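Q: Each chain, written out:
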Amino acid sequence: MPIVELQHVRKVYDTKVAVDDLSFSIEPGTMFGLLGPNGSGKTSSIRMMIGITLPDSGAVSLFGRPFHRSVLGRVGYLPEERGLYKKMNVLDQLIFLGSLHGLSGSEARQRAKDWCERLNIAEALKKKTEDLSKGMQQKIQFISTLLHEPDLIIMDEPFSGLDPVNAALLMDVLVEMRGRGKAILFSTHRMDQVEKMCDAIALIHNSHLILSGSMREIKARYPRNRVEIQFDGDDAFLRHPAVASVKRYPGRAEIVLRASDTLNDDSQSLLATAIRCAQITRFEITQPTLEEIFIEKVNESTPRGNITEIRPAAGNPEQPESAVAHA
Amino acid sequence: MHNVWLIARREYLERVRTRGFVITTIMIPVVMLGFLVGSIVLGAHENMDRRIVVVSQDLPLAEAVQSALQSAPRAATATPQANAGRFNLRAAARPIKFTVDVMEPAVGTRDLLDQQLDSNEIDGYLWIQPAPAPGAQPAFSYTPRSSSDRATSDAVTAALNKVLLRRQLARSGATAGQADALMQPAEIQPVRGSHHRDRASSMVSIGALFFLMYLVIMLYGMNVARSVIEEKTSRIFEVMLAAVRPEEMMAGKIIGVGAVGITQMGIWLAAIFLAAGSSSGINIGGETIHPSLTGPQVAYFLVFFLLGYLFYSAIAAALGAMTNSEQELQQMNIFLMLPLLACFVALGTVMMTPDSRLAQVLAFIPPFTPLLMYMRVSLGHPHAWETILSITMLAVCTAGLIWLTSRIYRVGVLMYGKRPSFSELMRWLKYS
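In order, the protein sequences belong to chains C and S. According to the working numbering, the first sequence holds residues 1 to 327 in order. According to the working numbering, the second sequence holds residues 1001 to 1432 in order.
For the record, the hints were derived by calculation from the structure and aren't laboratory data. Being a predicted model, the structure only gives us computed values, none of them experimental. We put the CB at the ideal spot given by N, CA and C, even for glycine. A few of these clues could be false.
As the list claims (entries may be wrong) - Here are some of the chain S residues that sit facing chain C, going by a computed Cβ distance under 10 Å:
(1) H1002
(2) L1013
(3) P1246
(4) L1306
Claimed, not checked - Pulled a few chain C residues facing chain S out of the computed Cβ check, cut under 7 Å:
(5) I52
(6) L54
(7) G58
(8) L100
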């Protein structure tokens, strides 16, 4: 039984179509990535899942039944725009938000304390929210989402603005939640995170679903035609006939092989050529990265083919030195 | 309902615990009391000594005026002992102590007196022109140093009248004793009636309650709007909306903020009654007033206060939902203030003539009903149907307004960026 199921959901704001014919489902114990450029309809979709707004047509089911507000106690939502009562004491705030999700005051208090200890911010409990650092506020918000042990956890950009140590800490928590059978939906632009963590994804662009399914399935649709190579010496091997295009970095190159039925042989032949030219320290044959699939899909669905809103993965800051394309 | 209660409780506790609440709760009565005590103290230390000159060829007349002014201080009512334990609001009730010089007119007298006026040596002079014919009245002219010193010129006029009357009586053959007896002023003993007839007392109490209602509705209506904006700017509402309905949020907010207002008002009222109870009453303009109200007056106050607060806070919540910042709210806030100010302007008329046609009509207009109809039922004698109709109309309007506001609120809290135009607002009302 899927935790969330959207069927042909459509939402129009005034004159703008926010979401059109959107269908996907999220199974328990999975981490689901909702992807898409800014303004593509991610937040609108999430809002309809939890009844903040209602779809104009189509159906939303939560926990196997048509949406009803009574199940909201089983949902935890961390919106992209973080919000806490600034003047309120942190503990009171957590108790209040927990109570709204059906916890008793004493239970909420105990859980708030446990969570704060686990995330190393026990000293924040007595402070006012506005006195905390941004990162700490984010952790408090994260805790408030999980305090009532929701079965469906929805997080919009959960790690933005966090340092790597704290991001890893929260990521571990989410992985543990998945292990306990919770369904986790998170939306992000960070493709590297999605690739690492998500079991399934849905990619929305211009209000339409353009790609969805399990990560393995999606990746399997693409040929293993990417080669990443680290080397020292002459790069003449890059002119090998099987190479379709190259991105050249210092001491490194990302190669896309020409589509053919003999990809395996082509790559081996490329490796053989490379060894003759240079000292090879790494040679890896992969599928396209999620980011590449994302960009490709978005470009396919955009008539003019130029997408500018997409942020590059933050883990990949270097710019290509040169881009060589062979006819 | 549980959610409404949680939200209202949070709103209440967070507000009551702030330093701001404690300060306003204490400061407003302290400042008011300060004004009161200040005016009494200033009044007590005001120099009430007056030096005037009476110029007349008719010396016996001048001397009679002199003795009338200098004799027994014109005490307004009572000796200091009788005033103990009361708040005396009228400093002018303290008697004026006169020093009067008498002189005969000579060449240059007027110039001399004018000089003395300018140099503050005297406070005024009375010039008596002899009667042109026997039996006719002499002509009097009084030149004060400051024309605003009404108390002194009133005292001089009163003394003159007394002297002339006594003269007239003497001429018609009355003895001094008879004249005194005739001129004995009538004394009215104030008898304290049963409370509901004590019009002056209830006037003051009701006026105070009117002001309190006005103040609380205005202050806490604004607080509702501000708190909506605070939630919009801190983005907390999106977290909230994942658990509660917008209507529950709005209801909780209005109830919570209103409860703070009621708490504050309760504290002030309790303080007033305690202060009044510890003394024998409040003395305003020489009348002793007991802040007392009848049961129905209190009941009407509560009904009108609650409906009025709901009405105005619903408007405020809508304004808050439509705007994105305090500054934007400031521009819109005229919609909240204007009807309240209009009530204040109409207050005088309604208070003096609570059953006039104008008061009747005004009190039926829903935004004015809470304050003005409350005034009418407390001070006038509206027909039962008028009271019932106005309350019903107000209740229906309030319910409608809350419904409308909750729709604006539902869409408005989720939209931020720019203020909606009127046509957009109409569309908000349609979807949501």
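Q: Against each hint, give a clear statement of whether it holds in the structure.
A: Status of each hint after checking the structure:
no.: 1; hint: H1002; result: 9 Å, holds
no.: 2; hint: L1013; result: 8 Å, holds
no.: 3; hint: P1246; result: 9 Å, holds
no.: 4; hint: L1306; result: 26 Å, violated
no.: 5; hint: I52; result: 5 Å, holds
no.: 6; hint: L54; result: 9 Å, violated
no.: 7; hint: G58; result: 16 Å, violated
no.: 8; hint: L100; result: 4 Å, holds
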